[in-house]
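K.L.:
Take a look at the letters that make up each chain.
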Amino acid sequence: EAGVVQSPRYKIIEKKQPVAFWCNPISGHNTLYWYLQNLGQGPELLIRYENEEAVDDSQLPKDRFSAERLKGVDSTLKIQPAELGDSAVYLCASSRAAGVPNEQFFGPGTRLTVL
Amino acid sequence: AQSVTQLGSHVSVSEGALVLLRCNYSSSVPPYLFWYVQYPNQGLQLLLKYTTGATLVKGINGFEAEFKKSETSFHLTKPSAHMSDAAEYFCAVSDQGTYKYIFGTGTRLKVLA
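In order, the protein sequences belong to chains H and W.
With positions in the first sequence counted from 1, the corresponding number in my numbering is that position plus 1422.
With positions in the second sequence counted from 1, the corresponding number in my numbering is that position plus 445.
Keep in mind that the hints were calculated from the coordinates and are not lab data.
Errors might be hidden in some of the hints.
Partial pick of chain W residues on the chain H-facing surface, computed with a CB cut under 8 angstroms [claimed, not checked]:
1. P485
2. L489
3. G549
Bear in mind the structure is a predicted one, so any value in this text is a computation, not a measurement.
The beta-carbon is built from N, C-alpha and C at its ideal position, and this holds for glycine as well.
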């Protein structure tokens, strides 16, 4: 079974530029999560999708961050414009919708550096 | 709000020695509890989890953890450390009935030869 796939793995951009991260969850996993992991910290949830619906986006800074999950499979997280403080690792995770608690499977993350 | 505390951001043990990584949570209602491991440049991998039932939980790679309600703790142990155990370990909690994980700040384990 293929794991959660994320791309790119690394991204370096200048501040004020836009950036996008892509995630392909494990096949059959209806729930998808985007997390932010700052250096030396644990992951923090940004947004959770159930199929194509964002059911929890309370921690997503909506002034500059956006996300979509068209067709309830792949997802894209976008930052526009990026700020220096956005430098972090962005993790995508997925889980089956049924069963509580459901194990979350994590991708390798995208390490963003904003210069 | 639920919170998780991992005592010791860095822990060093000798190869073959006992590994003990500490995790305490704040909720008065027992949550679901998890330990994840993160190797460099990789995503998080589930080691073990506690939901209900037996309070001593066995996971992968020889790790186990014990849920102690009276101490609001879920410490991770391994009897004998191996060099390959060097990684960062995260404790996480999820309130029953929610899917939201709250992660601790992590403990980086170093194994000395």
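K.L.:
All hints are to be evaluated individually against the structure, with a verdict given for each.
P.N.:
Evaluation of the provided hints:
1. Here the hint on W/P485 is broken, as its CB sits about 10 angstroms from the closest CB of chain H, past 8 angstroms.
2. Because the closest C-beta pair between W/L489 and chain H is about 4 angstroms apart, less than 8 angstroms, the hint holds.
3. The restraint placing W/G549 at the interface with chain H holds, with a minimum CB-CB distance near 5 angstroms, inside the 8 angstroms limit.
Checked against the numbered hints above, the structure breaks only hint 1 and satisfies the rest.
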